[in-house]
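Start from chain Y and add chains D and B according to the hints.
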Amino acid sequence: MYSRKLSMLLIVLLVLFQAFLVSGQDVAREETLIIGSDLTSNVAADDIFNPYLPAVQRSLGMAQLMEEMLFYTNYETNELMPWLATGYDTSDDFTEYTIHLRDGVKWSDGEAFTADDFVFTINMLKTNPTLRGAAGIERAIASVEALDDLTVKLTLNDPNPRYIQQSWAVRISSSPPIVPEHIWADKDPSSFPNFDLDKGWPVFTGPYVLTSSSQDQRIYNRRDDYWGVETGFTDLPAPRRVIVATAGVDEVVGARIQNNEVDSLAALSANTLVTVQSRNPNVIGWTDESPFGYTDPCPFYLEFNTTREPWDDPKMRAALSYIIDRDLVANIAFEGQGMAAQFLFPAYTGLMDFLDSLSDEFAASAYRYDPEASAAIMESKGYTLQDGVWRDGDGNSIVIDFLMLGFNIGPTWGRSIQILSQQFEDGGFEVNVSDLDFGPYWERANQGMWGVRMAWSCGSITDPHTTLSNFHSDLVMPIGETASRNFGRWDNPEYSALVDQLGQMAPSDEGYFDLAREAMTMFLADVPAIGLQQQLRVNPFNTTYWVGWPTADNNYVNPQSWWSTAAIIIHTIEPAG
Amino acid sequence: MRLPVSYIAKRFLSFVVVVWVAASVNFIVPRMAPGDPIGAMVARMELQGEVIEDSAELIAAYREKFGLDGSLWDQYVSYLTSAVQFDFGHSLSYFPRPVSDIILDALPYTLGLLAVSIIISFTVGTLLGALIVWLKIGRSGIGLVAPLLLLGSIPQYLLAIILLFVFSFALRWFPSGGAHALGASHDFTLANFIEVARHGALPIMSIVLASAGGWLIGMRSMTITVTRSDYLTLAKAKGLSQLRIFYHYVIRNAILPQVTNLAIAMGSIVGGAILVEVVFTYPGLGSHLLRAINNQDFTVIQGMTYTLVLSVASAVLIVDLLYPWLDPRINYEDQ
Amino acid sequence: MQAYSTTRSPAQKIVSIFKSFDLTFYIGLLLVLLLVVFGALGQFFIDQRDIRLGASSFSSPPSAEHLFGTDALGRDLLTLLILATPTTLNIGVVTAVIATSIGTFLGLVTGYFRGPLETGIRTLIDIMIAIPALLILVSIASFLPSSNTVIAVILAIFAWPFTARPVRAQVLSLRERAFVKLSKLSKRSDFEIIFFDMLPNITPFIAAGFVSTVSNAILAAVGLQLLGIGPIDEPSIGLVLQEAFFASAVFRELWWWWIPPMIMLSMIFIGLFLISLSLDRIARH
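Residue numbers (this note's numbering), protein chains in the order written: chain Y, 1 to 577; chain D, 1 to 335; chain B, 1 to 285.
No lab work stands behind these hints: they were computed from the structure. Any given hint could be a false lead.
As the list claims (entries may be wrong) - Below are the SDA-like pairs computed for lysine to any residue, each with C-alpha atoms no more than 25 Å apart in a straight line: (1) Y:K199 to D:P96; (2) D:K65 to Y:F192; (3) Y:K381 to Y:M522; (4) D:K10 to B:T123; (5) D:K65 to Y:W184; (6) Y:K126 to D:A56; (7) D:K136 to B:F21; (8) Y:K126 to D:D69; (9) D:K65 to Y:P193; (10) D:K10 to B:Y112; (11) Y:K126 to D:P96; (12) Y:K106 to Y:I122; (13) Y:K126 to D:R63; (14) Y:K126 to D:M45; (15) D:K65 to D:Y76.
Chain Y on its own, in the form it takes in the complex (with noise of 0.2 Å):
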């Protein structure tokens, strides 16, 4: 009797379980790539797909997979990868740029993709100035136009004669997605979220749509009717599946690729990878050995108020150059895996060949180590040292009031604290570090209420123009407003006069280059900022579902899982069975 009621119900259960185990994963897991994003911690804005929102997370998965750009520019083979435009003309003097559109793009919901969608996308963006990138689109093109279907007229305020390249072709990280004008004529792009998943939402034109979104992860499936098979333009990525997912601290995220429950992370310190490596040979860097990492664009570097005393004066600022051991700095932060920065610039090609051929202004330059030329130029201004601290002659000590950003950032900056400060000190400098939290850096910074910061400086790839111009006297505001670039305030109208020189010319322009080298003298000499480190990224693959990754050996696009151009990886990768 009573084992008769136990075997039911033990049958019962049987039922249910296979009814649970059915409904479970219906992709292979050898069919599905799986990318551990470039955030710590999980999302808590997972409905919101409106790349032009603050709040969005493009990079899980929407850069990559959903949205494609006009163009995209691959930092290893130096070219402009037209993908969906076919190309772009420009009038002599810079200021109109006709965009020809590639025929038979069609949005995922199957409507054609338009000159018209390019047209809306940037005439919402110069009416709402809440949109994310929308100043920037504003300040630049003064008007835009449909030719017709596939060409659209831009017509710029200022020359620039590098427009596509900084703002359509994802210099760093991505550009500014068009948005598909029948779903969104009619919404308020400053609240849609462009999610529903029942309506098709979000609607772009890449070849994966978003079938779930939790704050842990995202899903997204392959669509067979994507425009590039149509057209024969491009082949089907090879992942049915693919799911972006939280990757959690380095202490758990170095786990995760060595059981392969993932295929690619966004970082990954480099002796975490080695340790990884002994464990699973599958997973592989950038290199084979150290660094490991690829440069990011943005390398680290020293800023100082030139408002504020005494870094109001070139000599003094230099005297705090000449004691810094870049290399040291970086071996640090990086724990052994580091490179020193020379300059502002990140280590690329056409970047280092441009400052090898400042070789002789370096040398004569501080911007270098040299304690000895510091503590002459501490007694040139009246200093003594006592004790190991340069006093005045009121004995006061020099104060060096010093803003990072260090609440749980990540331990490259909390050892950028502690190696500067104990160089600063050890050059006879006193500290003050303030490591604050984004919010509180970010207003400190730029409202220029600091001596010296470490920042990460975002400008050029391939000629010195951009990070040149971040410098530009014409962006400095007064102490306690809010300023978007210079944050030190670094005023030299003859510098930006040479800076809008550049501006104005193509880097294959002759005469670009002396130009450069001229504005370049003259910051050298001023050193209103100085290099420290490249920033290196180590950004692991596991080889054991997925082949076919970007690597030194392989390098046909830049590795960054976490950019717009990852949707060429994804493209290119093939399994590994």
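Coordinates of chains D and B only, in the frame set by chain Y:
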């Protein structure tokens, strides 16, 4: 017994004052930091390599949109109004997501984690504490539970790391973090349920191991006091069964202060669990609250802390109100 | 609780207290003293230059030259831990001194007196208990200059109610005792009754509270440090652990980096716990 009306009124009044002041502190303190949520967001985006042209304009536009450019008083009034209505509007750094959605997304995880671990540790700790005294186990008994007591003195987060090292990295019995397997769907299936349980095991274990000892000690000393009281001698004299005495006289009387302590400890339990959530990258309230503070997302901070304050204060209030029924010996008019 | 009758001299009382300590107390004391000695005597054997960044090779396991190995920044871990121990113990003691003084005083006052003042302080205690301390600590730490003293003071602000509340409860019960009533009849002033009659009676109780406040403060300070909040220019045990976890020391099996500080913290917590357990027992007899 006589209904202590003035006692109830006093308690309610104090409840309102407590919630109001605590909520105000939670309004003021996060705003004491310089900077604002949009600036923090711009800084983050730029650190990720995105270039935000003219960020000053974006910051100004959003300040206006969110009313952050209004006076602190206006913001305070609108906060209090929203608190009373239990509507906290939209997150600032995840606009236009409503604050309530963010809380509701994370709440099941935190509640699950806390409920299971508190129930286990409270029950185990309380029962063991009472039994040790009741069964007169004495010194050797203390020896049996000593490991639990010692673990109880070590913080949860250190235990979490040790457990992570032993059971996840070395033995590989449990996953190292998160609440779900990477890539698994979140549908309610048995397989997923098992996965969620496996992911919850280590965080729960660290909270239980760290807190059971405290309940044990509290219960033990209360039980000692109770066993010495006259009515127990009387009950024994009446010849009531051991089990009956143990349950009706010992447990019921000794557990009162335990329950009060549980209500008071609520706040710190939630606080301590935040670190455990961080260690295991568990998708609960803790990590959201921490990030909201990092982002200076005032509306989310307010929503979450108000909920927290309200639950702790309510727990204390309920315990205080239930006391007259639970323990009629206390003279309330005098309190 | 038995009142230590007022007929005994203070010296006798102290002797009787020491007699009442049990083995638990001395084991706890030994654990804590070991660390105090380690931190105090260690200072004479170390060279500050060993904790300069890049002073030695990175992440090397214990050797004759570096008994505790080195961390990923090339610092000698033994030296670092010797310097870190006093800092960590200090945070606990500073917090506990402040919190216990305020908490005891307010607990005595609210337990003894009746009226608006008492209601006010009682409400304040309830408010402090309801405010999520972690939120305030994290918010404040994000913009205040981070120093261990600042953290200790902020911790004390949130710690005193947890002393005041039980002290008040003790006083409430003491007030009904015969000897207090007797004192009142003999026209002793309130001040005398509170500080000469009541306070001595609850001293073991307060001592137990003090010890657990030290423990809780260290617990909170280390917890904050692990979240990335706390000074990174003053070595503390929490900082050593934070740096170890930030460098994935557990995953990378750099055991010499994270296990010793973990053991030291456990010694502190277990030691203080045993002491407070023993004091608590005395207080209840």
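Can the restraint linking Y:K381 and Y:M522 be considered satisfied, given a maximum Cα separation of 25 Å?
-> 22 Å, holds
Keeping to a limit of 25 Å between CA atoms, is the pair of Y:K126 and D:D69 held or broken?
-> 23 Å, holds
Straight-line Cα separation of D:K65 and Y:F192 no greater than 25 Å?
-> 15 Å, holds
Are the Cα positions of Y:K126 and D:P96 separated by 25 Å at most?
-> Holds. Y:K126 to D:P96 sits at ~21 Å (cutoff 25 Å).
Is the Cα-Cα distance between Y:K106 and Y:I122 25 Å or less?
-> 19 Å, holds
Would you mind confirming whether the straight-line C-alpha gap from D:K65 to Y:P193 stays at or under 25 Å?
-> 17 Å, holds
Take the C-alpha atoms of D:K10 and B:T123, compute the straight-line distance between them, and say whether it is at most 25 Å.
-> 11 Å, holds
Pair hint outcome, D:K136 versus B:F21 [Cα-Cα no greater than 25 Å] = 22 Å, holds
Verify the proposed pairing of Y:K126 with D:M45, using a straight-line Cα cut of 25 Å.
-> 21 Å, holds
Does the alpha-carbon distance linking D:K10 and B:Y112 stay inside the 25 Å limit?
-> Cα-Cα ~19 Å, so holds.
Hey, D:K65 versus D:Y76, does the alpha-carbon distance stay inside 25 Å?
-> 16 Å, holds
Given the hinted pair Y:K126 and D:A56, is their alpha-carbon gap at most 25 Å?
-> Distance of about 16 Å is within 25 Å: holds.
The earlier numbered hints are all upheld by this structure, with none contradicted.
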